[in-house]
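Chains as they are written, first to last, in my numbering: chain A, 12 to 357; chain B, 6 to 108.
The set of hints was computed from the structure by calculation and includes no laboratory data. Careful: at least some of the hints might be erroneous.
[As the list claims (entries may be wrong)] Estimated spans, in silico, between C-beta atoms of each pair:
1) Pro66/B - Ala280/A: 19 to 29 Å
2) Lys105/B - Asp132/A: 21 to 31 Å
3) Pro66/B - Asp250/A: 47 to 57 Å
4) Lys115/A - Pro66/B: 42 to 52 Å
5) Gln133/A - Lys91/B: 27 to 37 Å
6) Glu316/A - Leu106/B: 26 to 36 Å
7) Asp78/B - Lys129/A: 22 to 32 Å
8) Lys105/B - Glu84/A: 28 to 38 Å
9) Asp78/B - Lys118/A: 21 to 31 Å
10) Glu83/B - Glu355/A: 43 to 53 Å
11) Glu98/A - Lys87/B: 17 to 27 Å
12) Thr271/A - Gly65/B: 25 to 35 Å
13) Glu328/A - Lys105/B: 16 to 26 Å
Only a predicted model underlies this, so the values are computations on that prediction, with no experimental measurement involved. The beta carbon of each residue, even a glycine, is placed where N, CA and C say it ideally should be.
This is what each chain is made of:
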Amino acid sequence: MAKGLDCGTSYYITATENSIKKQRNVFLTVDGDANQVKRMLKRQRIPFVEKAGKVHIVGQHAFNYAQIFSTTELKRPMSQGLLNPKEKDALPVLNAIIGELVGKAKKNETCVYCIPAKPIDQTREVSYHEDVLKQIIETYGYNVKVIEESVALAYEGLVDNDLTGIAISMGAGMCNICVMYQGMSALSFSVARGGDWIDENVASDCGVTKAKVISVKENSSKLDLTKSAINDIYNEGSDEYNIINAIRSYYGALVNYLLTNLKHQFENAESVPNFPNAIPIVFGGGTSLVKGFMEVVGEQFNQDEFPIEVEKFTLVEDAHTAVARGCLSEAQLIEEEEGETDEEST
Amino acid sequence: MELLDFIFISLFIWQSVFGLWILFIWASKNFKFHKSPNLNINEVVKTSTIEETKVKKNMGPIEVDVKSNVIMDTKSDESSVKLDEKIKGKVKTQKDKLKKLRG
């Protein structure tokens, strides 16, 4: 059975034809005697990974602990869309997360995972990240293929427009962009800013912890970035009002940064298509899930300054899992093609 | 008679030598001769005939893909990871439309 794997900074998500699985991509290290800690965690059924005498709580449980005990340091196996170079214990944790999500392959199963495009605002390469993930997935027995994150999103969001348009995947560590013309990627790049960048800046500006900002962002049922809603719901001057206003400002700054850089890349690229008609821009990824996001995009966009005529902005259906579903489509098509080739050769 | 014979024979020899010398110079200009190398045991003889091109080329770097064979220890000693969230049910994708577009 084909599998699609979205390797995100904040979440790892797999899609198969009959289920979607999500795992938060965080961990925290528990001090103390390893055997004693493991016994305690097993009793409480808390997921963990042990490597070289260190015990790490993994996933949502780690996240919940960090929310409750604000002094606890939440660790990230990935940072800004790529493997976190500062986190020495990241690889065993990633291996355990991937193993739980994809499981062991049965005969000739294909797993398509995604990688970011080369970032334009940091000097890191994607090759090492790509190789390590491939190596981990291969240990589970899969036929492994890779595609770019924004291309995977385009496979979900641009098919109704003959795979022509712009796909923007708004992740936690990065935003990935591709300009596509009839299925061919004409321009793709990433920027090392995303949801984490918003959280860090809001926390710094409002004098609250990052955990508090994330908590408001993810748990506040009232969170709505449309201007009128903010004024109606929150008491002016309250902590929540300040945080939500700051979140809105930084969402605006992030979208502005994206569109400005897209314009710059488009104008300076060696070969870009001349679109005969206006094209759609489709958004996806966890950072685009917040209510009122599309209003913020509309405010930041200026057609007069943009080099391509834009028909509409859309948010892809089930934006959080769209990249994993795009990877799944690719994996299914690869398996079908290989099946046809096998039939022809016999 | 003996002196005349001597002069004629001498002239004939010198003309022959001179003719051969001119023939040798002409042949060395028009044909390439390869000397057999003297081979000593354990000696490698360069037989390459690649000529050096003297055209100046762009000496800037050529970008290549990094294809590192990463061998990392990613295994844990013990793990008991459980899924944070699992949504069961048919997953909707655009595979069929994608297949159609690809022809």
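Hints and how they fare:
1. Pro66/B - Ala280/A: 19 to 29 Å: For Pro66/B and Ala280/A the Cβ distance comes to about 21 Å; the hint holds.
2. Lys105/B - Asp132/A: 21 to 31 Å: violated, 37 Å
3. Pro66/B - Asp250/A: 47 to 57 Å: holds, 53 Å
4. Lys115/A - Pro66/B: 42 to 52 Å: holds, 43 Å
5. Gln133/A - Lys91/B: 27 to 37 Å: Given about 34 Å between the Cβ atoms, the range holds.
6. Glu316/A - Leu106/B: 26 to 36 Å: Since Glu316/A and Leu106/B have Cβ atoms about 32 Å apart, the given range 26 to 36 Å holds.
7. Asp78/B - Lys129/A: 22 to 32 Å: Holds, at about 27 Å.
8. Lys105/B - Glu84/A: 28 to 38 Å: violated, 50 Å
9. Asp78/B - Lys118/A: 21 to 31 Å: At roughly 28 Å between Cβ atoms, Lys118/A and Asp78/B fall inside 21 to 31 Å, so the hint holds.
10. Glu83/B - Glu355/A: 43 to 53 Å: Holds: the Cβ-Cβ distance is about 46 Å, inside 43 to 53 Å.
11. Glu98/A - Lys87/B: 17 to 27 Å: About 22 Å separates the Cβ atoms of Glu98/A and Lys87/B, which means 17 to 27 Å holds.
12. Thr271/A - Gly65/B: 25 to 35 Å: Given range 25 to 35 Å: holds, Cβ gap about 30 Å.
13. Glu328/A - Lys105/B: 16 to 26 Å: Since the Cβ atoms of Glu328/A and Lys105/B sit about 19 Å apart, the hinted range of 16 to 26 Å holds.
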